[in-house]
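Trainee: Spelled out, the chains give:
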Amino acid sequence: MGEIVVTGMGAITSIGLTIAENLRSLQQENSGIKKAKHFKSRYAESLFFGEIDQNDEALLSELGLEQGQGYTRTTLIAIKAFREAIAHAQLSPEEIASGRTAFISSSTVGGMCYTDDLYNDANLRGVPSEYIKSYEGSDHALRIVRLHNMKGITDVINTACSSSANAIALGARLLETGKADRVIAGGSDCLAKFTVNGFNSLRILSEEPCKPFDTNREGLSLGEAAAYIVLERREDVKDLRKIQAIFAGFGICNDAFHPSATSNDARGPRMAMELALKRAALKPSDIGYINAHGTGTPNNDITESYAFSKLFDKVPPFSSTKSYVGHTLAAAGAIEAIYSILTIRNQEIYPSLRVQEPIADFPFKPVLHYTPETEIKHVLSNSFGFGGNCTSLIFSACI
Amino acid sequence: MTTNREELITEFKEHLIKYLNLLDLTPSDIKNDEVLFGGELGLDSIDSVELIVLLDREYGIRIKNPTEGRQILVDVNTITDYIIANRTK
Amino acid sequence: MYIKDLYAISPQKTHDLSFEQGDWQVLNQYAYTAIEPSYQDLIPNAQLRRMGKAVRMGIGVSLPLLARNPKPDGIIFGTANGGLEDCIKFLNQIVEYNEGTLTPTNFVQSTPNALAGQVALLSENQGYNMTHVNGSLAFESALLDAALYFDEHSPTEKSILLGAVEEISDYNYNIDYLGNRFKEELVPNNDLLNSRTNGSYCGEGSTQFILSNNPENSLARFSALKQSSTLSEEEITDFVQSFLAEQNLSPAGIDCLLLGKNGDVSTDLWYDKVQNSFPGTPVAFFKKAVGEYRTVSAFASYLAVRLLNRQAGYLIENGATENPRTILIYNHFDAVRHSLILIQK
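Residue numbers (the numbering used here), protein chains in the order written: chain P, 1 to 399; chain D, 1 to 89; chain R, 1 to 345.
These aren't lab readings, by the way, just hints derived from the structure by calculation.
Positions of the beta carbon are idealized from the N, C-alpha and C atoms, including for glycine.
Hints may contain errors.
Unchecked claim - Pairwise CB distance ranges (calculated): (1) P:Asp265 <-> D:Asp29: 33 to 43 Å; (2) R:Ser18 <-> P:Lys37: 20 to 30 Å; (3) D:Glu7 <-> P:Arg125: 33 to 43 Å.
Said to hold, decoys possible - Okay, derived cross-link-like pairs now, DMTMM-like style, lysine to aspartate or glutamate, Cα gap no bigger than 20 Å in a straight line: (4) D:Lys64 <-> P:Asp116; (5) P:Lys37 <-> R:Glu99; (6) P:Lys133 <-> R:Glu235; (7) P:Lys151 <-> R:Glu233; (8) P:Lys35 <-> R:Glu234; (9) P:Lys151 <-> R:Glu235; (10) D:Lys18 <-> R:Glu96; (11) R:Lys89 <-> P:Asp116; (12) P:Lys179 <-> R:Asp151; (13) D:Lys64 <-> P:Glu218; (14) P:Lys34 <-> P:Glu208; (15) P:Lys151 <-> R:Glu234; (16) R:Lys89 <-> D:Asp56; (17) P:Lys179 <-> R:Glu233.
Isolated chain P, as found in the complex (with noise of 0.2 Å):
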């Protein structure tokens, strides 16, 4: 692959409001899995969640929008995050607009956030919400869209839990194939009813927060987020400080083998990492760190430590970062590829929290504790969903 680089990056996650809220937590091993405090649901009491810790009426203040207008809170906590990464960018509001800037974004919940106002308007109770025209998947991204007056190709993937990892891999093809000059790529998603029930009712959602890589972990831990990441040819940066991280390589294909479970041969997460290996023309050995997809659930972290066990003579240290901040589907993708460029940024490793007694079934165990002063060249990110959807990045050192 040509050099696709990083220029800039924003999240808003329940372990920070901006990146750099975001690093000082995984530094200091601070989780953002708690109770509650905004998200309305019955499990609100009862489970334990990955929550952004600001309400719906401080960000549509912060962010200086109107209220009434149908934002909902997966386009708040978007648009948050956007305004970050391309403020880090140095983007301009013409570059932005231009016809030559994509916008590739994701979100799984979509519009769909708030479960009794579509109840009602589904079900013609009562005056129609605000929200009447905000149900789509897409409305997040084409709300983004019009407030920016972007006129390059956007578009809104889902594909479960990969989805912001598949908008980022579209985003770099799109500046490969020349299409764009520059891609802002990412995802949103918030907490609602929909999805924790959702989850629930596969009972798979962990009762206390989530253990990824744990011999007794029982499930995930929901949370919400918002990531994106600006991404430009390197050849056309000017300002090289600007630079990140180099995207070299990603995977994509499907594990066709169950709607909501991973095969057990682990055969989709196998291939995607070694398609984005060739892609990055890397060698296993060359890894220095996997940010593993890690939810939690018995299903995922077998198959995934399985994989790993195939795919490397000496499985390079991992961890789940959603540990820290629960499994955000959408946004995932894109808030463990930041995870994954500041490692590489920063030289550190960032640990699967509240692991007692690892997986025991293999030799490796994840990373356990903060580690600082480590040398990490390449990373590989691996993002698995519903659907048989499995996507591996790969972001390596800008030398």
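Since chain P is already given, all that's left is putting chains D and R on it; use the hints.
Mentor: Structure of chains D and R alone, referenced to chain P:
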């Protein structure tokens, strides 16, 4: 509330067909000792969760997780016995 | 990108190809529901029992195409809403059982990528797999993705299953009805464009294509594509003209125009403006056939391929075109999201 075992079996099979949307099947097509999972019916892990919902909504029986359910959800006979012993409605 | 094969389930009789031969359905209803074939011999009962309408229609189109064109290198879908019926059924459970014990099937089936995942599963295809949900530009986004895929792999021969699906459920009908997108009164589809009132009628269906970068035995090709979500009414003519210029075409080079006019008096003006740039060009209005829905441009593309192969010519309204080689599709949704698709023989 159905008390006769035979009637309960038929009623449960009707629920089973409805909850799992087993197209073109009637209660008599499902044998009482036919294994539900991994057999000809082709049921899988999602069906086991659907069955847990069935038992909760129709008979007031709470099963915490599919692993616990696996010992109960073997065939129509085992489930019927479990319903008789544990139903709350 | 060359089109090797195509198939559709739609409110017209495309499932048995009689629509192409002139068997036109007069529709006098608020919802233009799709005419579905029997799936019994096509989809195993173990899978069919769980499928909502969107997934069912989608699989019902994919499997016959894959039987004729096995093992494409990738599967790419566009859908604004996916399985919305399952989605709201699950939502209703959440509210009605107060977040109690809920059945997961609706949740799993409601995710828009369920279709691409099921197609991969049923055809054991581990290749590239993507679902675009870019609202009323979701099919266009899927098209762009396919174009990128062929660009990247050139000159190696590759094939893609590309498709779109949208379903009508009571719920999305209600939501779009409250959003003033549908007509209050009933007029037959033949008179749709003369109704002079707001709104349109809701349609649904799945349209899919087998694409290849090898031109051999192809029916037509997707030549170019353009999208915008920021146009003003004054800019639409320039938008079309600059697209033609980029393709080295003049309005006279377009043999037939397919317009997304849907009978909504508040937004049909945009189509009239575009049509005025093509004086005397034959035109067909595809929403008279299938109604308004967010991935309807996939059906327009289907119709274009048929017209380029001398089928369904009866739909051309003003002056027959003997042997069209170049067709331009212009569609918009709510006058917010606009797209141009160029399809050539």
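Trainee: Among the hints numbered above, which are violated by the structure, and what are their numbers in rising order?
Mentor: Structure breaks hints 2, 4, 6, 8 and 17.
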